[in-house]
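K.L.:
Start from the sequences and build out the full structure, keeping to the hints where you can.
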Amino acid sequence: MSSRSSKSPRERISRVVRDIPRSGIRDFFDIVSQRHDIISLGVGEPDFDTPWHVREATIYALEKGVTSYTSNRGLPKLRQALARYVEAQFGVAYDPDLEMLVTVGVSEALDLAVRAVINPGDEVLYHSPCYVSYAPVILFAGGVPVAVETRAEDGFRLTREALERKVTPRTRLLMLNFPNNPTGATLTPDDVRELAAFAEAHDLVVVTDEIYAELTYEGRHVSIAAEPGMKERTIFLHGFSKAWAMTGFRLGYACAPPDLTEAMMKIHQYVMLCAPILSQEAALEALRDPERDIGPMRDEYRRRRNYFVKALNDAGVPCHRPGGAFYLFPEIRSLGLSSKDFALRLLEEESVAAVPGTAFGPEGEGFLRCAYATGFAEIREAAGRIARFADRLRRT
Amino acid sequence: MNRELLDLLVRNARQSDQDLADQLGLSAEAVAGQIAELEAAGVVRGYHAIVNEDKVEDPQVTAVIEVQVVPEREGGFNRLALRISRFPEARSVYLMSGAMDLLVFVEGRDLREISSFVSEKLAPMEGVSGTRTHFLMKTYKHRGVLMDHEDEFEKLKVTP
Ligand SMILES: Cc1ncc(COP(=O)(O)O)c(C=O)c1O
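Quick note, the sequences are listed as chains Y and W, same order.
The first sequence begins at 1 in the working numbering and counts up by one.
The second sequence begins at 1 in the working numbering and counts up by one.
These are computed hints drawn from the structure, not numbers from a lab.
Treat the hints loosely; a few may be bogus.
[Said to hold, decoys possible] Short derived list, chain W residues pointing at chain Y, Cβ under 10 angstroms: (1) L8; (2) D19; (3) D22; (4) G25; (5) Q60; (6) T62; (7) K157; (8) V158.
Because the structure is a prediction, the values reported are computed rather than measured.
Backbone N, C-alpha and C fix where the C-beta goes; we use that ideal spot for every residue, glycine too.
P.N.:
Below, the structure written as structure tokens:
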């Protein structure tokens with residue numbers, strides 16, 4: 001019997017981890033999963049199934065016994081195919097042997113990129129509302145997250161002025177995500193040029209998460225990595241989850257100059273070893289004729305977006321028309337409820353699940369994320385219910 | 001011609017003009033006008049339901065019949081193909097490349113009805129030099145639609 005009082009498990013948790021709040025998405029998920037017969041606009045993944053030829057090729061690979069490790073960087077033939085794809089699609093040439101790393105989703109790649117360049121105390125600029133992992137990943141690396149608000153009035157574009165207000169001599173990194181989760185915002189070529197000039201002026205590394213690039217509905221997607229002089233300071237991240245409807249395959253990749261790739265590789269080789277080989281085989285198949293797979297899905301998303309944006313605006317719920325991804329981010333402020341209360345009551349009273357904007361940062365207060373990665377009939381029904389709910393709120 | 005509208009109609013012709021319009025970013029009047037044009041020009045020839053016959057009370061029997069034809073000096077296969085097409089039993093008639101000439105889908109109440117159509121009407125027709133009849137046993141997919149509702153894998157309802 002020891003008299004030494006032992007710590008509770010909770011007290012044993014590291015400070016960094018303890019101080020990171022639980023994800024708002026998870027909170028909301030727990031509430032929603034109690035409910036059945038709801039229409040969910042809460043998903044961050046496509047409703048489409050992975051293209052059959054990709055699944056079929058994966059089954060074949062499994063039958064052949066393709067079940068081993070791969071090189072840490074990923075299958076050479078996959079990296080070669082990725083290099084060709086990225087050059088054709090984004091206009092940046094990366095060396096598949098030295099400048100490319102296959103990862104377990106963009107999720108892992110985000111973590112690697114930030115850890116590879118951040119020293120404790122370094123400041124990282126990211127725009128908010130944004131994807132849920134950005135601030136935590138910065139904190140895990142010992143960095144200081146500095147949020148830059150994007151606003152509905154600007155179509156949630158990130159402007160140089162907003163960045164200039166937050167940049168300091170300690171700023172080391174700028175994180176970008178366009179088309180954006182949760183707002184669907186895209187950038188114009190001029191915006192991208194401005195952001196590149198900003199990064200150069202302050203000598204920042206740029207991590208650009210372009211996972212929704214192919215799901216762009218107006219104009220052409222432009223990568224900041226393709227701006228003159230930017231390749232040297234940019235870590236380009238992409239993956240198969242969204243455009244190919246392959247979330248469960250967990251496959252992404254990072255492209256960066258050799259030294260930065262090598263730095264990410266150092267972490268990746270010890271914590272992940274390699275991405276799953278079956279998923280790498282699947283990705284190789286997915287790169288066979290990407291437009292054939294993606295084109296019809298993009299067309300369908302665009303039609304749903306057209307319908308849904310109009311339905312919400314017609315119902316007096318102001319919603320900007322996003323240029324990409326598969327999310328609407330309507331403003332519900334004028335209806336007199338907080339994001340969270342609005343989402344809870346919408347679920348309670350109309351059985352529609354949409355995620356409170358605050359799950360994507362405090363800047364998301366007053367907004368709701370409605371994914372249109374769900375069937376047209378459901379979107380139609382959900383839009384009607386939101387309109388009815390908004391009407392009721394206005395009358396009470 | 002609005003190819004996207006046509007594709008939407010092929011997939012689901014029952015959507016309202018307004019719903020079609022809101023998806024395409026057009027007005028309902030514009031959609032109605034374009035559909036009327038497609039119909040008038042004979043591009044859209046009709047609308048029908050995709051039926052899983054296995055779930056119908058007294059299901060239709062379908063046969064696929066390969067037909068060999070002696071081409072006519074003038075008109076090739078057309079005249080004969082049209083004659084066959086006029087029989088209501090013949091649901092679809094196609095001109096084919098390869099070993100057969102025409103492919104005919106025939107529907108009837110039972111095997112007897114179909115075989116009597118083939119032996120009494122189709123095979124004896126002048127110009128028909130041979131037929132091979134295959135009965136359709138089960139439909140897995142028709143016009144891009146799977147007939148069986150598989151148990152759908154249920155995805156999470158909220159994800160980041
Ligand atoms: C902006 C953004 N980045 C990264 C991810 C994670 O993607 P992956 O499935 O490749 O890990 C998501 C998924 O929702 C996302 O929206």
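K.L.:
A separate judgement is required for each hint: does it hold in the structure or not?
P.N.:
Going down the list of hints, with the structure as the test:
1. L8: 8 angstroms, holds
2. D19: At 7 angstroms from the nearest chain Y Cβ, D19/W passes the 10 angstroms test, so the hint holds.
3. D22: 4 angstroms, holds
4. G25: 5 angstroms, holds
5. Q60: Violated. Min distance 28 angstroms.
6. T62: 26 angstroms, violated
7. K157: 4 angstroms, holds
8. V158: 4 angstroms, holds
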